[in-house]
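Engineer: Chain by chain, the residues run as shown.
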Amino acid sequence: MSLVLNNVAVAVSDKHLIQDISISCEPGKILGVVGENGAGKSTLLNVISGMTLPSQGSVSLNSKPMTNYSNKDLAKIRSVLPQGNELTFPLPCVEVVRLAIQLGDLSIPEQNVLIQECLAIFDVLHLANQNYLSLSGGEKQRVQLSRVLAQLQCHRVRMAGYLLLDEPISALDVYQQYKTLAVLKQLASDGIGIIVILHDLNLASMFCHHIAVIKGGRLVGKGEPADVVTPATIKDAFGIEANIQNHPDTGTPMVLPKVTHSNESIKITSLLP
Amino acid sequence: MSVATQMTLPSYQSHRVKFAALLVGTVSLSIWIGLSIGAIGNDFSLPFTLLWSVFDVDVGQSGIENIIANIRAPRVVMALLVGAALAVSGASLQGVCRNPLADPGLLGISSGAAVGAVAMIFMTQPLLTHYPQLQSVAPFLISSAAVIGAGLTAFAVYFLAQSNGQLQIPTLLLAGVALNSLGVAIIGSFNYMADDQALRLITFWLMGSLGGATWTTVAILAPVVGLAIFRIFHHRHAINLLLLGEANARFSGVDVDRVKFELIWLNALIVGVAVAFSGIIGFVGLVVPHILRLQSDTNYRYLIVNAALLGGALLVIADLVSRVAIAPAELPIGILTSLIGAPFFVVLLVKQKRNLGFAL
Chain A
1 MSLVLNNVAV AVSDKHLIQD ISISCEPGKI LGVVGENGAG KSTLLNVISG MTLPSQGSVS
61 LNSKPMTNYS NKDLAKIRSV LPQGNELTFP LPCVEVVRLA IQLGDLSIPE QNVLIQECLA
121 IFDVLHLANQ NYLSLSGGEK QRVQLSRVLA QLQCHRVRMA GYLLLDEPIS ALDVYQQYKT
181 LAVLKQLASD GIGIIVILHD LNLASMFCHH IAVIKGGRLV GKGEPADVVT PATIKDAFGI
241 EANIQNHPDT GTPMVLPKVT HSNESIKITS LLP
Chain B
1 MSVATQMTLP SYQSHRVKFA ALLVGTVSLS IWIGLSIGAI GNDFSLPFTL LWSVFDVDVG
61 QSGIENIIAN IRAPRVVMAL LVGAALAVSG ASLQGVCRNP LADPGLLGIS SGAAVGAVAM
121 IFMTQPLLTH YPQLQSVAPF LISSAAVIGA GLTAFAVYFL AQSNGQLQIP TLLLAGVALN
181 SLGVAIIGSF NYMADDQALR LITFWLMGSL GGATWTTVAI LAPVVGLAIF RIFHHRHAIN
241 LLLLGEANAR FSGVDVDRVK FELIWLNALI VGVAVAFSGI IGFVGLVVPH ILRLQSDTNY
301 RYLIVNAALL GGALLVIADL VSRVAIAPAE LPIGILTSLI GAPFFVVLLV KQKRNLGFAL
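So the sequences go chain by chain: A and B. Using my numbering, the first residue of the first sequence is number 1, and each one after it goes up by one. Using my numbering, the first residue of the second sequence is number 1, and each one after it goes up by one.
It is worth saying that the hints were derived from the structure and are not from the lab. Here the structure is a predicted model, which means the values were calculated and not measured. Ideal Cβ positions, reconstructed from N, Cα and C, are used throughout, including at glycine. Any given hint might turn out to be false.
As the list claims (entries may be wrong) - Pulled a few chain B residues facing chain A out of the computed Cβ check, cut under 10 Å:
id, residue
1, ARG98
2, ASN99
3, PRO100
4, HIS237
5, ASN240
6, LEU243
7, LEU244
8, ALA247
9, PHE251
10, ASP255
11, GLN295
12, ASP297
13, ASN299
To be verified - Listed next, the in silico DMTMM-like pairs over lysine to aspartate or glutamate satisfying Cα-Cα at most 25 Å (straight line):
id, chain 1, residue 1, chain 2, residue 2
14, A, LYS72, B, ASP257
15, A, LYS215, A, ASP14
16, B, LYS351, A, GLU86
17, A, LYS64, B, ASP255
18, A, LYS15, A, GLU26
19, A, LYS222, A, GLU167
20, A, LYS64, B, GLU262
With the hints as extra help, turn the sequences into a complete structure.
Structural biologist: Printed below as a string of structure tokens:
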């Protein structure tokens with residue numbers, strides 16, 4: 001029971017977006033994916049979610065090749081939050097969450113119970129009847145998280161389920177970032193496997209069981225935070241010099257970038273009169 | 001996973017039931033008025049007498065009863081069917097395109113159907129002299145041509161806008177606008193080869209009329225529209241999920257490509273037959289779903305049925321006005337729907353802007 005990528009590569013007209021990637025995620029664990037902009041994180045998530053077929057290698061979900069699943073069966077064991085969830089028509093938040101579970105076979109009262117739980121978990125139950133379009137970016141993101149969780153919970157019948165999240169906390173304030181990641185950790189301990197793309201290395205090392213670092217479509221580091229978040233890997237993946245210190249409470253590695261950019265090294269001369 | 005919460009979600013169900021009852025009432029009222037009022041005379045009890053006469057053969061068929069049974073009644077039924085077809089088409093296209101602007105008129109499907117129909121008007125005579133065996137299907141020729149015209153435009157627009165397995169919405173609307181003007185231009189150019197008789201027909205296609213309604217046309221239209229609305233309703237959950245974008249719909253288990261494909265050809269079919277018998281009637285597909293979204297909700301589970309009811313009722317009323325406004329002449333119904341629909345739409349937008357701070 002796990003989600004396994006074996007030597008996966010994706011190429012679009014001879015250009016490799018990602019290559020040689022072998023990672024896996026088990027139920028109960030959080031795998032964080034970090035890397036610079038354009039490193040191929042979202043492409044990787046597309047492959048994991050079954051949206052993009054790898055041009056090389058294979059993806060298997062609970063020991064069955066991804067290609068053997070229908071859309072409908074996939075929706076029952078994994079739920080995906082992509083970036084940019086646009087909605088053009090006004091819907092109350094409760095109906096946005098309901099969209100995810102209407103293909104299941106819950107009755108309306110059962111649906112309502114599940115929707116309430118999911119909205120409450122991400123702290124947006126008070127927005128249940130508000131128009132989704134009138135919410136702030138962070139509130140929208142939490143409603144979408146509720147939707148994605150509801151989809152998984154509604155279909156989960158003693159099967160290993162997976163949550164695949166592309167930058168789920170990018171619009172959240174500091175408190176909600178911590179809270180949301182804590183919720184994800186709780187969900188993981190309930191037996192869900194979570195793959196999450198993050199930008200904040202410190203949050204990633206605090207909350208993820210494993211971290212995969214991607215640069216230029218290749219894996220440059222994977223393993224437990226203490227083994228991955230090192231000055232060498234950070235320098236390799238992001239090009240910054242960093243001090244690593246352990247968090248006083250959790251002991252997880254914290255990244256403190258060194259101040260290398262003096263004022264002279266960044267010149268915006270073309271904008272000056 | 002248990003959350004202790006006493007907050008209960010309000011049930012929209014009672015509001016929905018009330019709203020559906022209101023719509024059914026509106027439809028019944030529009031049918032009654034539509035049957036009672038006409039150029040020959042108004043009699044609000046006649047529809048009931050006639051209904052009674054279905055069970056009791058002894059009621060004599062006077063002139064006006066005859067008119068109601070064989071002229072007004074098929075026309076009212078036709079208005080219901082065409083209105084329902086256009087409104088459901090608009091609602092489903094707006095869902096597939098995730099854009100409140102989408103409508104069979106704007107996407108060029110209506111004018112594609114009209115081009116097919118007009119072309120068949122010119123071809124019917126030569127075709128029948130050449131293949132006399134086609135005589136038996138002659139009533140279906142124009143509607144089939146309209147469906148083919150609608151289908152060709154719908155799929156042309158659809159494939160133009162398809163890129164990387166995703167429907168590019170701005171391209172879709174632009175392609176629709178382009179094909180729409182092309183269609184109108186082609187119909188207009190028929191002006192130059194048309195005699196007086198054909199000119200009248202072309203005006204009919206461009207401005208719409210329900211004057212051609214007979215029980216035969218109703219018999220062709222009813223099963224097609226009924227079946228297509230049923231199939232579109234079958235995809236209600238998929239359309240709902242498409243509102244979140246194609247990727248999210250796929251992640252939630254929708255077979256997006258198959259659903260999009262089926263919805264596009266269902267729209268071509270339903271708009272094709274509607275246009276074949278009534279010409280281009282604008283604004284119904286745009287305005288009806290919009291009103292319903294403001295008054296009820298966006299959930300397609302209710303939106304499709306509600307759109308069929310409201311679209312039907314609106315067109316019965318519009319047809320009534322077109323019959324009596326300048327009696328004994330008739331105002332083209334397409335002009336009427338645009339004349340009332342456009343200002344009404346602007347008022348809706350302004351109101352919405354005031355309430356929400358933005359318009360949709």
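Engineer: Next, verify each hint and record whether it holds.
Structural biologist: Comparing the hints with the structure gives:
| no. | hint | verdict |
| --- | --- | --- |
| 1 | ARG98 | holds, 5 Å |
| 2 | ASN99 | holds, 6 Å |
| 3 | PRO100 | holds, 7 Å |
| 4 | HIS237 | holds, 5 Å |
| 5 | ASN240 | holds, 5 Å |
| 6 | LEU243 | holds, 6 Å |
| 7 | LEU244 | holds, 6 Å |
| 8 | ALA247 | holds, 5 Å |
| 9 | PHE251 | holds, 4 Å |
| 10 | ASP255 | holds, 5 Å |
| 11 | GLN295 | violated, 12 Å |
| 12 | ASP297 | holds, 7 Å |
| 13 | ASN299 | holds, 6 Å |
| 14 | A/LYS72 with B/ASP257 | holds, 13 Å |
| 15 | A/LYS215 with A/ASP14 | holds, 18 Å |
| 16 | B/LYS351 with A/GLU86 | holds, 24 Å |
| 17 | A/LYS64 with B/ASP255 | holds, 20 Å |
| 18 | A/LYS15 with A/GLU26 | violated, 31 Å |
| 19 | A/LYS222 with A/GLU167 | holds, 19 Å |
| 20 | A/LYS64 with B/GLU262 | violated, 30 Å |
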